[in-house]
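Residue numbers (the numbering used here), protein chains in the order written: chain A, 2 to 359; chain B, 2 to 359; chain C, 2 to 359; chain D, 2 to 359.
Keep in mind that the hints were calculated from the coordinates and are not lab data. Cβ coordinates follow ideal geometry from the N, Cα and C atoms, glycine included. Worth double-checking, as some hints may not be accurate.
[Unchecked claim] Below, a list of computed lysine-lysine pairs in the DSSO-like style, where the Cα atoms sit at most 27 Å apart:
1) LYS221/B <-> LYS284/A
2) LYS302/D <-> LYS109/D
3) LYS284/D <-> LYS284/C
4) LYS299/C <-> LYS109/C
[Unchecked claim] Anything over 12 Å on all C-beta distances counts as not near chain A; from chain D, calculated:
5) GLN24
6) ARG39
7) ASP62
8) THR75
9) ALA101
10) CYS186
11) GLY187
12) GLY209
13) ARG257
14) ALA289
15) ASP293
16) ILE295
There are 4 protein chains.
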Amino acid sequence: MHRFGILGTGRIGGMHAGLVAAQQDAAVTWCFDIDPSRADATAARVGGRATTKVDEVLQADDVDAVLIASPTNTHVELILRSAEAGKPILCEKPIDVDLAKVEMCREKLEGFNVPLQLGFNRRYDLSHRAVQQAVASGEIGPLELLVITSRDPGPPPPREILEACGGLFRDTTIHDSDMARFILCGDEPVEVFAMAENRVDPVFAELGDVDTAMITMRSKSGALVHINNSRRTSYGYDQRVEAFGAEGMVRSNNCRPSETVRYSSTATASREPLLYFFIERYKAAYEAEIRDFIDCLKAGKAPNVTFEDGRRALILSEAARRSESHAQPRTSNGYFVHLGIIQLDGGSNAVYLFSEGL
Amino acid sequence: MHRFGILGTGRIGGMHAGLVAAQQDAAVTWCFDIDPSRADATAARVGGRATTKVDEVLQADDVDAVLIASPTNTHVELILRSAEAGKPILCEKPIDVDLAKVEMCREKLEGFNVPLQLGFNRRYDLSHRAVQQAVASGEIGPLELLVITSRDPGPPPPREILEACGGLFRDTTIHDSDMARFILCGDEPVEVFAMAENRVDPVFAELGDVDTAMITMRSKSGALVHINNSRRTSYGYDQRVEAFGAEGMVRSNNCRPSETVRYSSTATASREPLLYFFIERYKAAYEAEIRDFIDCLKAGKAPNVTFEDGRRALILSEAARRSESHAQPRTSNGYFVHLGIIQLDGGSNAVYLFSEGL
Amino acid sequence: MHRFGILGTGRIGGMHAGLVAAQQDAAVTWCFDIDPSRADATAARVGGRATTKVDEVLQADDVDAVLIASPTNTHVELILRSAEAGKPILCEKPIDVDLAKVEMCREKLEGFNVPLQLGFNRRYDLSHRAVQQAVASGEIGPLELLVITSRDPGPPPPREILEACGGLFRDTTIHDSDMARFILCGDEPVEVFAMAENRVDPVFAELGDVDTAMITMRSKSGALVHINNSRRTSYGYDQRVEAFGAEGMVRSNNCRPSETVRYSSTATASREPLLYFFIERYKAAYEAEIRDFIDCLKAGKAPNVTFEDGRRALILSEAARRSESHAQPRTSNGYFVHLGIIQLDGGSNAVYLFSEGL
Amino acid sequence: MHRFGILGTGRIGGMHAGLVAAQQDAAVTWCFDIDPSRADATAARVGGRATTKVDEVLQADDVDAVLIASPTNTHVELILRSAEAGKPILCEKPIDVDLAKVEMCREKLEGFNVPLQLGFNRRYDLSHRAVQQAVASGEIGPLELLVITSRDPGPPPPREILEACGGLFRDTTIHDSDMARFILCGDEPVEVFAMAENRVDPVFAELGDVDTAMITMRSKSGALVHINNSRRTSYGYDQRVEAFGAEGMVRSNNCRPSETVRYSSTATASREPLLYFFIERYKAAYEAEIRDFIDCLKAGKAPNVTFEDGRRALILSEAARRSESHAQPRTSNGYFVHLGIIQLDGGSNAVYLFSEGL
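If we strip away everything but chain A, and leave its shape as in the complex, we get (with noise of 0.2 Å):
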């Protein structure tokens, strides 16, 4: 039986709790959060104790992994916490918004050497995944050119979380970002551009963020990549990947609740609204990641998805925020100056060619 300290019970740290006390090999037995009435709750619920002391939990004889659920800025401290405990960690994405803290993180965790999973769930997708495995397996040939739609369905999230997110880019990108580097097999990025604007509802602009945008990457091998993102649509959670080779092409297709198709007088095929969003959208995605993250344990193998991971997503992140960043109105005409190609060396380090002084 594995036992899990939950840290963080906020709406996704309540859904891993659930999750892994559904699996018949684990059980919660520790749920932390600064609010106790959350603590509490999470607990009646999934079993464990509650407790807003998060070295209850690190110190615990009866936890054999935690789950790092808290916001986002408080990772690092309870990744870097939770090493030093020599805890096992499953940690939501992402590391960290700011890519110093990251850095310092990366170094400090080498004289760990515990297991550490990020929360990249949606490479547990059975339909992302499968467009993940035809590439590798090379059914399609080498990979060309590769499309990523992700739009989130609307109303934006409350203020507080936008503020606190990282922006468009490190927030909701980030994901693609990985998506794009799981299905490219190690081809790593090397050049990002990014153009973005704002047109979903003013409070992107009074952050400095934008809602709309189009990424564009080339990898090593010269494989092309768009991603394009949308803060809002009134259909439903957009998820969908298209990988196209010389062989031939896989999609992964949006999900929703039911196959009922209807016909009318006006329209014929139609189907329901997508799943709403994420928790209902990547369910047994998931619980997929608490599976494999498990076995791995079990195994005693390192986690299928790295720290380094998380990292090089949000390397690409910033690539793009910093490329759409140089866009600035030109005052002569209105138009913009978009001049933010970056360019990545494809390994670990970060190379912003305009940052350096093009």
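Let chain A serve as the given structure and place chains B, C and D on it in line with the hints.
Here is chains B, C and D on its own, set in the frame of chain A:
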């Protein structure tokens, strides 16, 4: 917390036990099976005590309800004993394959006031249910045509299961007969006609059974119903429902494990084989069925799928069987003479016109 | 250049005339209609001379073939006169609605050796044809289940057309009976059963006709066939064919004017209403039909759709009509007694068992 | 009757000639080609006189309009000579691959008042047009994201055609640039960015061309546009358009020869390869294009697709070409330095910011 005794812990009983255990407000407290190793294994997995004596379960104070998933020929006995013990019952379909036994059971049950839900799990499938709701709400106008496609994947079940199952009409078609009644929303079938064949495997003919069939029904109001069945497909479990009326059509299409779509030089838009069989295809429906049973118990409401639903579906399947069985080889030229249209009164009594001497 | 005389230049005759004129190697040289203005209008549009005297066409040297698209009750006379005149014939379906007239025509035609193609246009539809080819080639294994959905869009045709059309089975179902025979590839139907209703418009009941039907057939080899018909849909012309065998399933789905797909807050993946009716839906099939007729004439080969095909489809429709007509209200309780299973010999003679006195 | 002179009777000219001849109110009276056998063959097939002297056509009294389908590098000359002769012009795209020649042609045309329609056939495709109409009508709200997938089937065209075609951006992408402008409904692109690769065939690199590309554009109002191109697919001609706004999404999907769908043990819902190439895929669009040209002439209205449309699409393709061409191998580490974002004024003048010295 609703405490369940599982009566019968074979494949389907074991599945039910797991689904009960996964409910937040339910638990398995007893696992009964005549095979002690099966009872033990299930109890070890989902909790509760194992026993080979059914009375231990029926007399236990910590049993709020029983779930009957034993072999079909024991259902009637276990229903009656559970009713005597005052335990609410969720019983797998069918009640029995012998209509006389069902009528007897019905009479005896009149003396008890115990909630009994019959396990027509497909009523809880979101896609099929949406078809029913479209009819019930008037979305497509009064129902005129109902087409049910229901084909099991191969290979055929083991011979011993086939011997006990009551034949295609009472084992498989009974689900479709119930689906027809569910979607007809009280507009009961009054005519049944069936044609059937042996195309799949010699075992069916050896057992005097058929493996491929088409059934036609007419409802009181004049809705026409078509069901087609096969014991074997090459492409997975084919489960479709199509309802047609003056205002439109609603269809429930097949389910697959993912939304992956493939394009190659030989085929485009290709999808995977369908989900293989009922435990995979109707997993969510089985869970919703148990959920609904618990919710009805909690609310003190009568179950939504009743003994009478089980009895009437059997009457329809029996009518199809009798209709089909009147197709006899005609010595003079080898063709069939088939005169078995069966008339029902649409109410509580089956009137098999043919058997009355036409 | 193949020179055609068009016999009958109403709506469908006018369409055929245009399709003939569009062929590179064919021309319309004569347009006959009893209504001179109609003949004139067609001739002005597609070329050729107009006439109200059919013999002018039949005796003309510049007529290599005739296309009969006059009212159904004139088909037999025009077939025989064209045959006497030695002109190859492409005749719209049906030959006639009266089987006795068809049998008479068949006997008289034996004296002539004139190519005659019957206008079962749906055999030339690429999607339906692909189903037939999948059966013929063995792709899906021996045919076991065939499901044909064939529903006309509303509103119903004018009363005078309905009065002459021979009723649902001989006007509409005859296409589906032919489709069944086409896909059965020589494995002739030997049993026919029909249930029907009046649900669409009172005019059908007033004419002693039905408007909604389900037909079941059994072939010699034991393939089961289901056809469902309605005289009215709200969503366009619904034309589907599904063939099932041990190795797989092939379906011919509906056609729409475009590949446009819509997503909104209420529906996703929505498509347009289906193509409205036969001239739009089967435009390419009508053209391929004429093309095939010309190609056969050029090659000196017998036409691919024969008088016998027309006769046998009528026999099946007649069987359905007789089967259905034995469903009579039963005075005692208002339900139906329906005993009309019709047996055929699968060969050239119709044996209506019921009418023989069962 | 509108009498056409066809200028250039190669593959596409021959197709156009056939479509003109098929119109009820149009005829081909002259077929010009420098290859007399080609001119003769087309004239024999569709009517009219053959000639190798273009002036015979331009001076003929029985020519009401010309259709220019000669090699691209002769378009400007033939446009100007036809305009001088006062003949209305339907000219295949592109005007020319050399923007300077196009600007020259534009100036000279100002002296004439001759109707000129440019052959952007895809604007007449019913599915793509429905997307444009959904944007124009406000159905999806203001356009925010536009994704155009446009991939030719392989193998690549012959080397001599590739040498003259102007490269991927001016030969292929120009259609997509026009589609973007069509759907943007006057909201002109003001920024263009392109990444491209050589992945398909060595011939493209040998010619200094690319074969795989992603283009991003921003419109004046802030709509973002993505185009992806490949010179080769394994599964047919891939032509899709997706428009997204606050109120919904409309997509134009791919076309196939039929609606046949297959189910087997390895794949379900499989469809055929896509229609192979432009003559098959856009047959109806080519016909509608000619139809619209004739209708505009008849009504005395200016054509709906103009010389200016051809010029602006070329400016966008040229911008993409220049953007891409600034991606140069970087000697130090082999990666790319790519700085070519191109700015346009969204009006009648192209301002290539990069070439101005950034």
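Going down the list of hints, with the structure as the test:
| no. | hint | in the structure |
| --- | --- | --- |
| 1 | LYS221/B <-> LYS284/A | 44 Å, violated |
| 2 | LYS302/D <-> LYS109/D | 22 Å, holds |
| 3 | LYS284/D <-> LYS284/C | 15 Å, holds |
| 4 | LYS299/C <-> LYS109/C | 26 Å, holds |
| 5 | GLN24 | 31 Å, holds |
| 6 | ARG39 | 34 Å, holds |
| 7 | ASP62 | 51 Å, holds |
| 8 | THR75 | 34 Å, holds |
| 9 | ALA101 | 24 Å, holds |
| 10 | CYS186 | 16 Å, holds |
| 11 | GLY187 | 17 Å, holds |
| 12 | GLY209 | 17 Å, holds |
| 13 | ARG257 | 15 Å, holds |
| 14 | ALA289 | 23 Å, holds |
| 15 | ASP293 | 27 Å, holds |
| 16 | ILE295 | 33 Å, holds |
Taken one by one, the earlier hints fail for this structure only at number 1.
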